Amino acid sequence: MRDWKRPAFVALWLAPAVVFLVVFMYYPIIETFRLSFFKSSGFEQEVFIGLGNYAKLFADAEFLAGLEHVFTWAFWSVAIQIPLAFVIAFSLTYYANKFTGPLKAVFYLSNVLPSAITAMLGKFIFAPRFGIVASLAEQFGWKWLGSIDFLGNPNLAFWSLFFIATWAYTGFPIIYMMAEIEQMPRELREAAELDGATGWRFARSIVLPEIAYPVRILVVLATVGSLKLFDLPNMVTAGGPYNATMTLGIKLYNEGFLKWNYGRAAAVGVVIFLLSLVFTIAQFTRGRKASEAK
Amino acid sequence: MSDVERMPRPRGLRIRHGVPEVIATIVLLLAGIMVILPLIIPWFFVFKTQLEYAYHPWSLPTRLYLNNFRDAWKSVQLAQGLMNTFYLCFGAIACTILPSAFAGYVFARYKSVATEIVFYAVLIGYFIPAQMVLIPLYKMSVSMKIVDSIPGVFLPISAFGISFWALIYRSFFRNLPKELADAAHIDGAGHSATFFRIMFPLAQPATMLALLLVFIGCWGDYMLSLVLLSDQNHFTMQLRVAQFLNQYGVSKMPKYAAAALISAAPTVILYLIGHRWIIQGALAGAIKE
Chain A
1 MRDWKRPAFV ALWLAPAVVF LVVFMYYPII ETFRLSFFKS SGFEQEVFIG LGNYAKLFAD
61 AEFLAGLEHV FTWAFWSVAI QIPLAFVIAF SLTYYANKFT GPLKAVFYLS NVLPSAITAM
121 LGKFIFAPRF GIVASLAEQF GWKWLGSIDF LGNPNLAFWS LFFIATWAYT GFPIIYMMAE
181 IEQMPRELRE AAELDGATGW RFARSIVLPE IAYPVRILVV LATVGSLKLF DLPNMVTAGG
241 PYNATMTLGI KLYNEGFLKW NYGRAAAVGV VIFLLSLVFT IAQFTRGRKA SEAK
Chain B
1001 MSDVERMPRP RGLRIRHGVP EVIATIVLLL AGIMVILPLI IPWFFVFKTQ LEYAYHPWSL
1061 PTRLYLNNFR DAWKSVQLAQ GLMNTFYLCF GAIACTILPS AFAGYVFARY KSVATEIVFY
1121 AVLIGYFIPA QMVLIPLYKM SVSMKIVDSI PGVFLPISAF GISFWALIYR SFFRNLPKEL
1181 ADAAHIDGAG HSATFFRIMF PLAQPATMLA LLLVFIGCWG DYMLSLVLLS DQNHFTMQLR
1241 VAQFLNQYGV SKMPKYAAAA LISAAPTVIL YLIGHRWIIQ GALAGAIKE
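For the record, the sequence lines run as chains A and B. Numbering-wise (my numbering), the first sequence opens with residue 1 and increments by one. Numbering-wise (my numbering), the second sequence opens with residue 1001 and increments by one.
Next comes chain B alone, as it looks inside the complex (with noise of 0.2 Å):
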C-alpha cells in the first residue's frame, strides 16, 4: 500500500452522495451533540437559586445570577489549583524535554557498545506501568522529603516519560544529515556547542511534541498527584475538582452545576485554541500509551 501515493481528499473532486449524505450528517451532527450535551445542560441550572432550581429546574434562567458561580469558584479553589497544575506541567516538561534530548543525541551519534546497553536499559522504562512503582514511589518521597511538593510529582513524571522521548530523539537525531555536525566540528565547536548551537534547534519538531504531550499528560494527571499530594494548598485542579465531589453532593445543583462548567473552562478553552495540534499530538504520540 505504501507505494501507492497516498492523495489528501481532493477537495473539488469530492463525491456526493446525496441523501444518505445528508442522513448520515445529521446522525453525526446528533452525536456530537450527546457529546457536548454534559457542557451543555449545566447552563440550564446556573443562572438559578436552589430554591428556583427546586420549583423549575428545567424552565430557561430568566436573569443573570451569578452566586453559583462565586460560591463554586471559593469551593474548587480553581485559581490555585491551576497554577499548581501549570507549574507541574512546566516542571515536567523541563525534566524530561533536556535529559531525554541528552540521552537520544548519545544514543543516536556516539553509538557504542556501552551506549547501546544503556539504551536498551532505558527502553525497558517504556514498559513499566507506573501503578507497579507506586508504594516505593512513595516511600522513597518520604525518605527523600520530596513528598507533598509539585516537584515530588513532576520528578518521577519525568522519568516515566524519559524512556519514550529518549527513544524519539534518537530516532529524530538519527535521521539528520550527519555531514552538519561534522562541519560543527571542524569549525571548531565542541561536542555541547554542537549540540546546542546546531543540532538541538534542527530537532524542534521533536521537541515541539513531547512539549504538547507532556503537557497534556500533566494535565490530566490524577493518581500520581493523589497519592504523593496530601497538602490541600499543593492540590492540583484535578485533586481540587476531586475533593469538591467528595463534598459536595449534586442535591445542591446549581452550585455543582458551575463548580463544572468553571472546572471544564480551561481544558476546553485550551482545546478550542490548540485543538488541531492536540490531535495532531495525540496521533503521533499514539505509539507512547
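Isolated chain A, as found in the complex (with noise of 0.2 Å):
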C-alpha cells in the first residue's frame, strides 16, 4: 500500500515550493537574461540587440555613477558604521548595568522603522529652511549653518544620507556583536584582568580578535547591502542631486518603471546579479581560508 503512497506524497507535498520557485524565481530569472538583450519597451515588438544594452549602460553617467556608489558606500559602510558599533557593542558588554538592556533595545529601534518612516525623519532633519538643523542654526544665529542645504548640494548629499543610514542601521551590528561578545568565555576576562589589560586594550587585543568572523560576515552584509540599496536614496533625494546619490537600484527602478525601458533595466539586473555572486564567492573562499587556518 505504501509503496506509491510514498511518492506520491513527496510530489505533492513538494509541488507548493516548487511552483512558487518556478514561477516567481526561475522563470524572471531566465526571463531578465532574455530581456538585457533585446529593445524592449513593453509596447512595440522586442529587437534584438546583443550587448546594446550593457554598451548603452557603461556609457551612462547614471548608471556608472550608481555602479561607483556601490564601492564607495560599502567602503564608507565598514570604515565607519562597523567601527561605531563596534565601540557601542563593546561599552554596553564591558560596562554591562542596569541601562545595559534598555539602551540596546533603543539602539536597535531605529533599524526596524520601515525605511519610509527613516526618510521621513531623515527629511525632517535635514531640509533646507525648515528642517530641524536649518530651524536650530536660525535659532542661534548661525547663518553660514542653516543656508546649508544638505540634502540639494551635491557635495553633501552623499554625506547627509549616508549620515541618515548610519543612524538608521548601525543597530544590526550591535546587537550581533554584543551577543558575541556575550558568549566569550568568562575566564578570558578575568585573566586579561589579571594581566592589566583592561578597558580599551582589552577590547582591541582580546575581544576583536575573538570576534573577527562575525565581524567578516557584517563586512559581508554591508557590501551586499549597499549593491541592494533603494528604498532610502529613492526616498530621500531620488538618486539626485546630479546623481550624487544615485544607486544600481535606483537606476533599474528609473529605467524600468519612469522610462519603460524594460530591456536597459534588465541589463541592470543583470549587473547586480552578477556583482551579488561575485560578492558571495568572495565570501565563501575567503570564510574557508579562515576555517583552514583554525
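Since the hints were derived computationally from the structure, they do not count as laboratory data. Remember, predicted model here, so these are calculated numbers, not experimental data. Just so you know, not all the hints are guaranteed correct.
Subject to a maximum C-alpha distance of 30 Å in a straight line, what follows is the list of computed DSS-like cross-link-like pairs (lysine-lysine) [what the hints assert, rightly or not]: (1) A:Lys56 to B:Lys1139; (2) B:Lys1252 to B:Lys1074; (3) A:Lys39 to A:Lys259; (4) A:Lys5 to B:Lys1178; (5) A:Lys39 to B:Lys1139; (6) B:Lys1139 to A:Lys259; (7) A:Lys259 to B:Lys1145; (8) B:Lys1145 to A:Lys39; (9) A:Lys259 to A:Lys56; (10) B:Lys1111 to B:Lys1178; (11) A:Lys228 to A:Lys39; (12) A:Lys39 to A:Lys56; (13) A:Lys259 to A:Lys228; (14) A:Lys143 to B:Lys1252; (15) A:Lys228 to A:Lys56; (16) B:Lys1145 to A:Lys228; (17) B:Lys1111 to A:Lys5; (18) B:Lys1139 to A:Lys228.
Incomplete in silico selection of chain B near chain A, CB under 10 Å [to be verified]: (19) Leu1028; (20) Pro1057; (21) Ala1103; (22) Tyr1105; (23) Ile1162.
All C-beta atoms, glycine included, are put in the ideal place defined by N, C-alpha and C.
Please dock the two separately framed chains into a single complex, following the hints provided.
The following block contains the structure:
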C-alpha cells in the first residue's frame, strides 16, 4: 500500500514550493537574462540588440554613478558604521549595568522603523530652511549653518544620506557584536583583568580577534547591502542631485518604471546579480581560508 | 572556543569599574538619546498652529492642540495603509510557512536523489537579489492579472522567502528523533497525518521564528509594493508615507511632525511590546541576508 503512496506524497508536498519558485523566481531569472539582450519597452515589438543595452549602460553617467556608489557606500559603511558599532557594543557589554538592556533596545529601534519613516525623519532633520538643523541654526543665529542645503548640494547629499543610514542601520551590527561578545568565556575576561589588560586594550587585543569572523560577516552584509541600496536614497533624494546619491537599484527602477525601458533595466538587474555572485563567492572562499587556518 | 563553557554574565559577580563605568554609561546614554531624538523633537511642533510655529518654533507647547494630528491622519491615510500592510504580512506568512515546511519535511525525511536535486534547485533562490527579477515579475503580474492587488505582492515575497525557510525547516526536522515519526506510522497514521499531528507541531520554534521574520520583512517592504501597486486603495503603510513625503514638504512643519509621529507609532508600539523577540529573531535570522 505504502509503496505508491510515498512518491505521491513526496511529489505533492514539494509541489507548492516548486511552483512558487518556478513561477516567481526561475522563470523571471531567465526572462531577465533574455530581456537584457533586447530593446523592449513593453509597448512595441522587441528587437534583439545583443550587448547593446550593456554598451549603453557603461556609457551612461547615471549607471556609472550607481556602480561607483556600490563601492564607496560599502567602503564607508565598513570604515565608519562597523567600528562605531564595535565601540558601542563593546562598551555596552564591558560596562554592563541596568541601562544595558534598555540601551540595546534603543539602539536597535531605528533598524526596525520602515524605510519610509526613516526617510521622513531624515528629511525632517536635513530639509533646507525648515529642517531641524536649519531651524536650530536660525534660533542661534548661525547663518552659515542655516544656509547649507544638506540634501540639495551635490557635495553633501551623499554624506547626509550616509548619516541617515548610519543612524538607521548601525543597530544591527551593535546587537550582533553584543551577542558574540556576551558568548565569550568569562575566564578570558578574568585572565585579561589579572594581566592588566583592561578597557580599550582588552577590547583591541582580546575581544576584537575573538569576534573576527562575525565582523567579517558584517562586512559582507554591508557590501551586499550597498549593492541592493534602494529604499532610502529613492525616498530622500531620488538619486539626485546630479546623481550624487544614485544607486543601481534606483537606476533599475528609473529605466524600468519611469522610462519603460525594460531591456536596459533588465541589464542593470543582470549586473546586480553578477556582482552579488562575485561578492558571495568571495565570501565563501575567504570563509574557507579562515576555517583552514583554524 | 566551543569546548570552553560559555557562561551568561553572572550578575552577582559583575566586575565594577567605578569612574570609567560612570563616564561610559553617560556617553552611551547620550548616544541612545541621539538615536531617539528624531522621535522626540517632533513633539515640540505638533501642538502648534502653523502661525505659532512660525514665531516660536522651539518654545514648549502650551496647549493640547490636536488639529495637526487630525490633518496628518487624513493625509497619510494611515488606517487604510495599515490594514493593507497587515493583509500583506499575513498573506506572506501563510504562503511562506506552509510550502517551506512541506518542502523542508520532505528534504529531511524522504531523502532520495530526486529530493536532493530539488533541494539544491530550491537553494539557488537564496542567492537571487529581488531586484534582479523585478522587470519580469512586473510584466508577469500584469499578464496574470494579479498586478495592483495585495496577493500580487505577497505571492512573490513568499517565493523569495521559501528557499531560506525550507532550509531552516529541513535542518529542524532532521534534528527531531526519527522514532517519533516511525511510531506514528506504526499506529497507522498516514504520511500527512504524521506531519500535521506530530512533526509540524514539534517544529513550532522554527514556525515562530518564520512568523516573526516574515512579518518584519513585509512590514518594511517598499520596493516590491512600489512596483506592483498603483491603486491608492491598495497602498501599504510604507507607500502611504512615501506618498505623503512627495506631496507635502517640511514647510508645513507642525503637520509634517504629526505625520511622522503617527506613521512611526505602529512600529514603535509593536517594538515596545516585542523588542526582545524582535532582537532575538533578527540575530537568529542573521544568516538570511
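Each hint tested on the structure:
Under the criterion of a C-alpha separation no larger than 30 Å, the hint pairing Lys56 of chain A with Lys1139 of chain B is consistent with the structure, at around 23 Å. For a cut-off of 30 Å, the pair hint linking Lys1252 of chain B to Lys1074 of chain B stands: about 15 Å separates their Cα positions. Proximity of Lys39 of chain A to Lys259 of chain A is assessed by CA-CA distance (about 13 Å); at most 30 Å being required, the pair is judged to hold. As the CA atoms of Lys5 of chain A and Lys1178 of chain B are separated by approximately 19 Å, the hinted pair is consistent with the 30 Å bound.
About 15 Å separates the Cα atoms of Lys39 of chain A and Lys1139 of chain B, which keeps this hinted pair within 30 Å; it holds. Annotation: proposed proximity of Lys1139 of chain B to Lys259 of chain A holds, straight-line Cα distance about 15 Å (limit 30 Å). Restraint check for Lys259 of chain A and Lys1145 of chain B: the C-alpha separation of about 22 Å stays at or below 30 Å, so the hint holds. For the given pair, Lys1145 of chain B sits about 24 Å from Lys39 of chain A by alpha-carbon distance, which is consistent with the 30 Å threshold.
Taken as a hint, the Lys259 of chain A and Lys56 of chain A pair is honoured in the structure, with Cα atoms around 15 Å apart against an allowance of 30 Å. For the hint linking Lys1111 of chain B to Lys1178 of chain B, the alpha-carbon distance of about 13 Å falls within 30 Å, and the restraint holds. With a C-alpha separation of about 24 Å, the suggested pair Lys228 of chain A and Lys39 of chain A falls inside the 30 Å cut-off, and the hint holds. Pair hint Lys39 of chain A plus Lys56 of chain A holds up; C-alpha atoms about 11 Å apart against a cutoff of 30 Å.
For the proposed pair Lys259 of chain A and Lys228 of chain A, the alpha carbon gap of about 20 Å is at most 30 Å, so the pair holds. For the given pair, Lys143 of chain A sits about 22 Å from Lys1252 of chain B by alpha-carbon distance, which is consistent with the 30 Å threshold. Only pairs whose Cα atoms come within 30 Å are accepted, and Lys228 of chain A paired with Lys56 of chain A is accepted, the gap being roughly 21 Å. Of the supplied pair hints, the one linking Lys1145 of chain B and Lys228 of chain A holds, its CA atoms being roughly 28 Å apart against a limit of 30 Å.
Simply put, Lys1111 of chain B and Lys5 of chain A have alpha-carbon atoms about 15 Å apart, close enough for the 30 Å limit, and the pair holds. Proximity of Lys1139 of chain B to Lys228 of chain A is assessed by CA-CA distance (about 21 Å); at most 30 Å being required, the pair is judged to hold. A least Cβ separation of about 6 Å between Leu1028 of chain B and chain A falls short of the 10 Å threshold, and the interface hint therefore holds. For Pro1057 of chain B, the interface hint holds, since its Cβ comes within 10 Å of a Cβ in chain A; the closest pair sits about 6 Å apart.
Checking Ala1103 of chain B against chain A: minimum C-beta separation of about 4 Å stays under 10 Å; hint holds. Using the Cβ-Cβ criterion of 10 Å, the hint placing Tyr1105 of chain B at the interface with chain A is satisfied: the shortest such distance is roughly 7 Å. The restraint placing Ile1162 of chain B at the interface with chain A holds, with a minimum CB-CB distance near 5 Å, inside the 10 Å limit.
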